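**Student:** Below, each chain spelled out in residue letters.
There are 2 protein chains.
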Amino acid sequence: MITLDFANAMKECIGEEGLSEEELRGYSERALSALKELAGRRQPETAFLDLPDQDTGGIKETARRIRDGSGAFILLGIGGSALGPRAILEALSPFHNLRKRPRVFIYDNVDPSTLSTILSIAELERSFVNVITKSGSTAETAASFMILYKEMERLLGRDATGRFIATTDPEKGNLREIVRRHGMESLAIPPGVVGRYSVLSPVGLLLAEVIGVDSDELLRGAREARQRCMTEEPWTNPALMLSVLLYIMGTEKGRTIDVLIPYADGLRRLSEWFCQLWAESLGKLGTGFTPYPSVGTTDQHSQLQLWMEGPQDKVIVFLRVDDYGRDLEIPRVFTEMEGISYLSGHTLSELMKAEEESTELALARAGRPNITVGIPAIDAYHLGGLFIFFEIATALTGFLLGVDPFNQPGVEEGKNLTYGMMGKAGFEQKRVEVEAARRRKGGWRI
Amino acid sequence: MITLDFANAMKECIGEEGLSEEELRGYSERALSALKELAGRRQPETAFLDLPDQDTGGIKETARRIRDGSGAFILLGIGGSALGPRAILEALSPFHNLRKRPRVFIYDNVDPSTLSTILSIAELERSFVNVITKSGSTAETAASFMILYKEMERLLGRDATGRFIATTDPEKGNLREIVRRHGMESLAIPPGVVGRYSVLSPVGLLLAEVIGVDSDELLRGAREARQRCMTEEPWTNPALMLSVLLYIMGTEKGRTIDVLIPYADGLRRLSEWFCQLWAESLGKLGTGFTPYPSVGTTDQHSQLQLWMEGPQDKVIVFLRVDDYGRDLEIPRVFTEMEGISYLSGHTLSELMKAEEESTELALARAGRPNITVGIPAIDAYHLGGLFIFFEIATALTGFLLGVDPFNQPGVEEGKNLTYGMMGKAGFEQKRVEVEAARRRKGGWRI
Chain A
1 MITLDFANAM KECIGEEGLS EEELRGYSER ALSALKELAG RRQPETAFLD
51 LPDQDTGGIK ETARRIRDGS GAFILLGIGG SALGPRAILE ALSPFHNLRK
101 RPRVFIYDNV DPSTLSTILS IAELERSFVN VITKSGSTAE TAASFMILYK
151 EMERLLGRDA TGRFIATTDP EKGNLREIVR RHGMESLAIP PGVVGRYSVL
201 SPVGLLLAEV IGVDSDELLR GAREARQRCM TEEPWTNPAL MLSVLLYIMG
251 TEKGRTIDVL IPYADGLRRL SEWFCQLWAE SLGKLGTGFT PYPSVGTTDQ
301 HSQLQLWMEG PQDKVIVFLR VDDYGRDLEI PRVFTEMEGI SYLSGHTLSE
351 LMKAEEESTE LALARAGRPN ITVGIPAIDA YHLGGLFIFF EIATALTGFL
401 LGVDPFNQPG VEEGKNLTYG MMGKAGFEQK RVEVEAARRR KGGWRI
Chain B
1001 MITLDFANAM KECIGEEGLS EEELRGYSER ALSALKELAG RRQPETAFLD
1051 LPDQDTGGIK ETARRIRDGS GAFILLGIGG SALGPRAILE ALSPFHNLRK
1101 RPRVFIYDNV DPSTLSTILS IAELERSFVN VITKSGSTAE TAASFMILYK
1151 EMERLLGRDA TGRFIATTDP EKGNLREIVR RHGMESLAIP PGVVGRYSVL
1201 SPVGLLLAEV IGVDSDELLR GAREARQRCM TEEPWTNPAL MLSVLLYIMG
1251 TEKGRTIDVL IPYADGLRRL SEWFCQLWAE SLGKLGTGFT PYPSVGTTDQ
1301 HSQLQLWMEG PQDKVIVFLR VDDYGRDLEI PRVFTEMEGI SYLSGHTLSE
1351 LMKAEEESTE LALARAGRPN ITVGIPAIDA YHLGGLFIFF EIATALTGFL
1401 LGVDPFNQPG VEEGKNLTYG MMGKAGFEQK RVEVEAARRR KGGWRI
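Chains A and B, in that order, are what the protein sequence lines are.
Using the numbering used here, read the first sequence as starting at 1 and increasing by one per residue.
Using the numbering used here, read the second sequence as starting at 1001 and increasing by one per residue.
Misleading hints may appear alongside valid ones.
[Stated by the list, open to error] In silico SDA-like pairs for lysine to any residue, Cα to Cα no more than 25 Å straight-line:
1) A:K353 x A:R332
2) B:K1441 x A:D313
3) A:K253 x A:P311
4) A:K11 x B:L1285
5) B:K1353 x A:V411
6) B:K1150 x B:A1160
7) B:K1150 x A:G345
8) B:K1353 x B:G1374
9) A:K353 x B:E1433
10) A:K172 x B:T1335
11) B:K1011 x B:R1030
12) B:K1100 x B:E1123
13) B:K1100 x A:R126
14) A:K11 x B:N1416
15) A:K253 x B:G1254
16) A:K150 x A:S70
17) B:K1441 x A:Q312
[What the hints assert, rightly or not] Sample of chain A residues with no beta-carbon within 10 Å of chain B, all distances over it, derived:
18) D50
19) D55
20) R67
21) S70
22) E125
23) D159
24) G162
25) P170
26) E185
27) A188
28) P191
29) G192
30) Q227
31) M230
32) K253
33) P376
[As the list claims (entries may be wrong)] The following label-pair restraints were derived from C-beta to C-beta distances:
34) B:R1101 x A:E153: 32 to 38 Å
35) B:L1119 x A:D323: 17 to 23 Å
36) A:E171 x B:L1285: 53 to 59 Å
37) B:L1119 x A:G58: 38 to 44 Å
38) A:V432 x B:P1191: 54 to 60 Å
39) B:K1036 x A:G325: 52 to 58 Å
40) A:S20 x B:P1191: 45 to 51 Å
Just so you know, these hints were derived from the structure itself, not from any lab.
Source: prediction; values computed, not measured.
Here a beta-carbon is modelled for each residue, glycine too, at the ideal position from N, C-alpha and C.
Just need the whole structure built from these sequences, with the hints factored in.
**Tutor:** See the structure below:
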């Protein structure tokens, strides 16, 4: 079960920079109305809440075929189409490509060097490609899809189509149209579900099954967390409480940077997944909070100095793991060296947890608010729970802020300018604008 | 050569949110005095400026022996001891472990799951371990060192010592003492050089040589960039100009978050390396700026929405690459699909650069200041240049802010509490304090 410990956000534990219980309770009504807004399901995008109930039969069948191919599984997608799958891969199958088959390559860019390397090492003849784009026309994904398709066609001729699985809208868009025309296999992202809330759709589940993770476990964890996170009582609902805490800290206390620091290498990508969710959902209309991707203990030697003594502009959200599954004892070597011999006899997980707790306390003593999300172990069940926990918390925070947590209008202008540069019909003027801007920039260059 | 384009930080290009030339020139004197402070070399930590002049003979010899071992190269270190080496690895040898030997594992945590996996796949009998800690007593590094040492001893008996290379202070500390007592091989981090400024010392150079990168090229690039970045004229010195721009934006305009977004997968880790440098050097005495690690085009689908329409609290620093070395053409497939067929005939690098330029302009039009650092290509020469460019810019910004860019006093408390928890002599009271704090936290938990 996911726990939330927010003692170090309270005055009692950190002094003046904390919240009082009264202050927090003052938001109960607004919190409940945000929850009711989500539960009321007025926006089609709230369909992400239904994902835990889906049937995974079709996904499992497709995954079986891919696993049997024994080459590589190449996932083409960007943003929500890549971050969720990658979070699953790194949490549940660390060092995957050095240990298991099929190898997995998640290509979420248009960097030619990366794709060239993937093409040269993936054993394409035996590989499958999963193209993920909800809209069906994401430029980055389309570009790599076209390259892979041509390359597969060169190698396999007419059989190439059978190596592609399109994950896209069930009805609309270019990719769906290609599926229809070419008889390509496909999986549907349910209508309403937007990219950053799609990890528990076929977007993340196909990859999970391909690497041997039972997608039903992800969904089971999500179902149970959903129940708790939709409870109409802030003081027993961890998602609602996290949302309220970060909302108050962000709007009333100037703490607009929210760090997510899991103490586990495997959850580093979960933190990056969260950062898209939080940034894109809340950052609009001049408001929003900046999420910061982190990992412990590593970032104690990178960011902690700033969190301890820099500006009072952050809330640190720890993600603590009770059981790492495996452990290693620190042996009795170099016993004459007092500076390090105290470690002997302890285990790595003891050290990991001691550092996590010590960092919480050090921050608290410096008047730096922090909150701890806890999970018993890193497995499919709890990962599924974390996904929906953070999704619900994000949507609720959007409602508290008065923004639409499901749109992203701000990225259109960049896309349109790119269309202009790439010669897409109807965007000729945009190219002229880029070229004019380029000329204007002349003087300020070293 | 590294270029700096700051047109989109100026009023002429972005309107009211930009700086005027007059405003910028008003800082010339302060900028020069910061540069003189660095050039004056009063602090021993400025020794990082001498690293480009070192002799790499010993490093090359050690690296040759490691390469011949043909097992794995395991690097143990955290913070500056890991981030620099990883930046070199990912920039200059992407997908290294799937393509080349020796495999490289950089272990910069105490996660037991990660280390267990490394132990099981590294072919330890033929491997070498590089232990990097300047102080010689970093708990995380010591813990993994002790485990690896015992394990190697079990496998190789007395020959185990020969598989370790200690990179540490030339005179002081536990690790240096172990080197003396056990006759272990070692490389010296020159006195004065602190972790986050150490990438161009043996910390980064040994790894470079092990993966087949000529460390002399890194140093040559650093030497030439150093010359330019120590020029006493802000308008021809890209490091000084970047420093002044971010300083003014941070202190006068409330833009306290600095995003570094390289448009290249291979430079994602460079961005993380920069984030430690910037955060730990500047975040103290209640001031400092928050660096944000990013990568393009990927984060256009994750963070751009927030940068475009969120709070006016950021400066976006693009890192543009002229030549990706390799390229791929987007072929003519699915020609009937207008939504994507416009891409045909272009190359991936064209798309990458169009997106970068479009994103710059979209931000500029939204009144969002941005700056572009440019390099001709990703190679050892330019990477070496980037390292010292950012190091000098960071030190200068520290002087402008009036903080010591070379210390990190804020991390001590957390370390001391951990010592208490782990039973280190002299820290008994700290354990009591952690336990007391744990009891106090009881009530605020869901």
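**Student:** All the hints need checking, so say for each whether the structure fits it.
**Tutor:** Results of checking the hints against the structure:
no.	hint	result
1	A:K353 x A:R332	holds (21 Å)
2	B:K1441 x A:D313	holds (23 Å)
3	A:K253 x A:P311	holds (12 Å)
4	A:K11 x B:L1285	holds (22 Å)
5	B:K1353 x A:V411	holds (17 Å)
6	B:K1150 x B:A1160	holds (9 Å)
7	B:K1150 x A:G345	holds (13 Å)
8	B:K1353 x B:G1374	holds (12 Å)
9	A:K353 x B:E1433	holds (16 Å)
10	A:K172 x B:T1335	holds (18 Å)
11	B:K1011 x B:R1030	holds (22 Å)
12	B:K1100 x B:E1123	holds (15 Å)
13	B:K1100 x A:R126	holds (22 Å)
14	A:K11 x B:N1416	holds (24 Å)
15	A:K253 x B:G1254	holds (16 Å)
16	A:K150 x A:S70	holds (21 Å)
17	B:K1441 x A:Q312	holds (22 Å)
18	D50	holds (24 Å)
19	D55	holds (29 Å)
20	R67	holds (19 Å)
21	S70	holds (16 Å)
22	E125	holds (17 Å)
23	D159	holds (16 Å)
24	G162	holds (16 Å)
25	P170	holds (17 Å)
26	E185	holds (16 Å)
27	A188	holds (19 Å)
28	P191	holds (19 Å)
29	G192	holds (19 Å)
30	Q227	holds (14 Å)
31	M230	holds (14 Å)
32	K253	holds (14 Å)
33	P376	holds (15 Å)
34	B:R1101 x A:E153: 32 to 38 Å	holds (34 Å)
35	B:L1119 x A:D323: 17 to 23 Å	holds (19 Å)
36	A:E171 x B:L1285: 53 to 59 Å	holds (58 Å)
37	B:L1119 x A:G58: 38 to 44 Å	holds (39 Å)
38	A:V432 x B:P1191: 54 to 60 Å	holds (58 Å)
39	B:K1036 x A:G325: 52 to 58 Å	holds (55 Å)
40	A:S20 x B:P1191: 45 to 51 Å	holds (50 Å)
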